[in-house]
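*Asks:* Let chain A serve as the given structure and place chain B on it in line with the hints.
Number of protein chains: 2
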Amino acid sequence: MGLVVQKYGGSSVADAEGIKRVAKRIVEAKKNGHQVVVVVSAMGDTTDELIDLAEQVSPMPAGREFDMLLTAGERISMALLAMAIKNLGHEAQSFTGSQAGVITDSVHNKARIIDVTPGRIRTALDEGNIAIVAGFQGVSQDKKDITTLGRGGSDTTAVALAAALDAEVCEIYTDVDGVFTADPRVVKKAKKIDWISFEDMLELAASGSKVLLHRCVEYARRYNIPIHVRSSFSGLQGTWVSNEPTGDKVEQAIISGVAHDTSEAKITVVGVPDKPGEAAAIFRAVADAEINIDMIVQNVSAASTGLTDISFTLPKAEGRKAIDALEKAKGDIGFDSLRYDDQIGKISLVGAGMKTNPGVTADFFRALSDAGVNIELISTSEIRISVVTRADDVNEAVRAVHSAFGLDSDSDEAVVYGGTGR
Amino acid sequence: MGLVVQKYGGSSVADAEGIKRVAKRIVEAKKNGHQVVVVVSAMGDTTDELIDLAEQVSPMPAGREFDMLLTAGERISMALLAMAIKNLGHEAQSFTGSQAGVITDSVHNKARIIDVTPGRIRTALDEGNIAIVAGFQGVSQDKKDITTLGRGGSDTTAVALAAALDAEVCEIYTDVDGVFTADPRVVKKAKKIDWISFEDMLELAASGSKVLLHRCVEYARRYNIPIHVRSSFSGLQGTWVSNEPTGDKVEQAIISGVAHDTSEAKITVVGVPDKPGEAAAIFRAVADAEINIDMIVQNVSAASTGLTDISFTLPKAEGRKAIDALEKAKGDIGFDSLRYDDQIGKISLVGAGMKTNPGVTADFFRALSDAGVNIELISTSEIRISVVTRADDVNEAVRAVHSAFGLDSDSDEAVVYGGTGR
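Protein chains in written order, with full-length UniProt numbering: chain A, 1 to 422; chain B, 1 to 422.
Same shape as in the complex, but just chain A:
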């Protein structure tokens, strides 16, 4: 029995009852002989409430103070959780990110972990205690200021601690039963995945799956820490994410799942002179505005005009900024006009089996075509195909693809949501 890191999200500790339920589960793991380190998020809506307060006193809250504010949320949940565990007769100590040795860079609101020095955690464990650690936060290496890792950062805290402590598994407790072959809200027959490789999980996370964040999976892959995503509302096995399949029954599927994303918009730069350096100028302007773009497509140039169109997708939230940046650079780049379209959606098919099954791409397009879905952009990786369609077509497209690749479960019963339905 080795060391286990467990991470509980805000919906699992939304109120006193939730905290007591989670405490019982933690004590269970301890009784089973594990050394237990718990990473906890802020209770329920605490973070949103704090953000709301900040906006009331200042329209643009500053980075350092904003981090100081938000980290109060985990401080509350971790202290309460430690108390609840003690109340069950077991010893527990809570630690802030700083006390736990989570060292980050100085980029407030979205700091990156650069080192983990969990000396105090190790001592607490050696003394037989359960260690509770605040997720989402750290301390900056140079200034010793409190930092936060950005939304979803608690998962990263958990994986980073698991790596630093050489844990045998990092359990991510959430309000769903695991990672599914598609979003169960869209595809009723979506199945829980028993095992998925780091690579496929990375592609799913990059393509719109919300269960695990890309950064967290990346960290786990780098340090080879198996992740077990499971429900805090049931005792069921969830989804294992690791290098090698675990358990007897598990074998690698050709296709892991279908992800979709309707949070992106498309910008088309119309009438770009078809000569070297034009695309570079466009994407330099966008990159200088610190906007991450996703897919890019350049149309074939019309021979008669010598002009072409370039389209790319980006988060809707950054649409305004991108348009402004391009308008400002219009004189230098030399294009006719910009078109902005936020009524798009992206559907992605992910699976390592694609590499060795050349028919997958054809089947994918066939399924979309049969469902009457029009494709606007295409992009691929070795283990993923993504297409952009009209936003209205996304749900239908996801269901069609899911069914075409034999991912549908036999019964609707397979999809079980947790208690809060959040």
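Hints are computed from structural coordinates only; laboratory data are not their basis.
Any given hint might turn out to be false.
Since the list can't tell identical chains apart, any single copy or any two copies may satisfy a pair.
Claimed, not checked - Cut-off 16 Å, straight-line C-alpha distance, at most; resulting in silico cross-link-like pairs (EDC-like, lysine to aspartate or glutamate): (1) K30 / D183; (2) K31 / D194; (3) K143 / E127; (4) K189 / D408; (5) K275 / E55; (6) K189 / D410; (7) K188 / D410; (8) K20 / D52; (9) K316 / D52; (10) K20 / E55; (11) K330 / D288.
*Replies:* Below, chain B without anything else, positioned relative to chain A:
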């Protein structure tokens, strides 16, 4: 223009509006050329809400985790206050007790400050920033754990920082206009005191006045830091507490004020053998139970029985514990019975002028007698007389004494409460 420490209590920063109002006042002081260090409490009822949460998960929350929990409150208010100041165009940085160098012992929930090493505060000030510090909290010297100083601890934080930074004044902002000659809720004609000595303020605080805590005044006296208690809702001068009178108009009054306290109970140990060591045995039993007692009176022994009664007062909250401790020691001590009475009140007259005006004591008892108030216990110091009466008589007694010593103001208008009435 020197360095000023300002402390704002929870009612001054109860909501976003309060925080913005306080931010303006802080910026004002900065504009006037001061270096400004601000100590802030948790917003409004935050601490009570956190205590409530703790009680929901554990009937007896443990010290270390309880401190971790409660300190989240100041973290929220100080970050918001720093944001609000920045929004007014001034630089501000917030610091936890630990970051501010507030070093304490390890007694959780009521730690004592043993050192203040405000290096980061000094740096922030030197860089032209306003420093915002979390009140009520510190970090333990040996274990580096978060500690709290107990209720009212933010005032102590402010005075301790003022001492460590050699501030010219420690301003305590509250929701009343200053220290009054009596509780204005009881005595409508109570007057605001312009200046009061540390000694008289210590006696008032020990006798039931709630505006400043005894520990905070003691600290200020030891390091000779003038305290200015004033309202955060007005620009009026409040009460100066210092060694020497300040300002032209201020001269030392014979009597500073009348304090009262109805939070105590009286225990009478009946039928104690009148022989050496009996009283010692009684108070050893009480002290071993960690109960602080206030007044003690031993009746004259009845010659016929050789037995006497011993009465003492103590906080009501500790009554049960004291009775239990005495019952347990009954065999060793040898008394007949115990009487418990929580319907008592204490009235105290405080003033350094007592030392040189021998008529004060007589006038005090005359005033009580004229008001028909019966006296049960008496205790005195060089600058204070206290009596215990029936609880029902307390308000009447306070008014009578206040009037008899010429403390009544000419009009009711002098008593001004702040906006929230809290």
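*Asks:* So, for every hint listed, does it hold in this structure?
*Replies:* Right, here's what the structure says about each hint:
1. K30 / D183: So K30 and D183 fail the 16 Å test inside a copy (33 Å) and across (55 Å) alike.
2. K31 / D194: For K31 and D194, neither the intra-copy (26 Å) nor the inter-copy (64 Å) Cα distance is at most 16 Å.
3. K143 / E127: between (31 Å within a copy, 15 Å between copies)
4. K189 / D408: Classified as within: same-chain Cα gap 5 Å, cross-chain 81 Å, threshold 16 Å.
5. K275 / E55: neither (47 Å within a copy, 70 Å between copies)
6. K189 / D410: within (7 Å within a copy, 83 Å between copies)
7. K188 / D410: Answer is within; shortest intra-copy Cα gap is 11 Å, inter-copy 80 Å.
8. K20 / D52: For K20 and D52, only the inter-copy Cα distance (15 Å) is at most 16 Å; the intra-copy one is 27 Å.
9. K316 / D52: neither (22 Å within a copy, 41 Å between copies)
10. K20 / E55: between (32 Å within a copy, 12 Å between copies)
11. K330 / D288: within (14 Å within a copy, 83 Å between copies)
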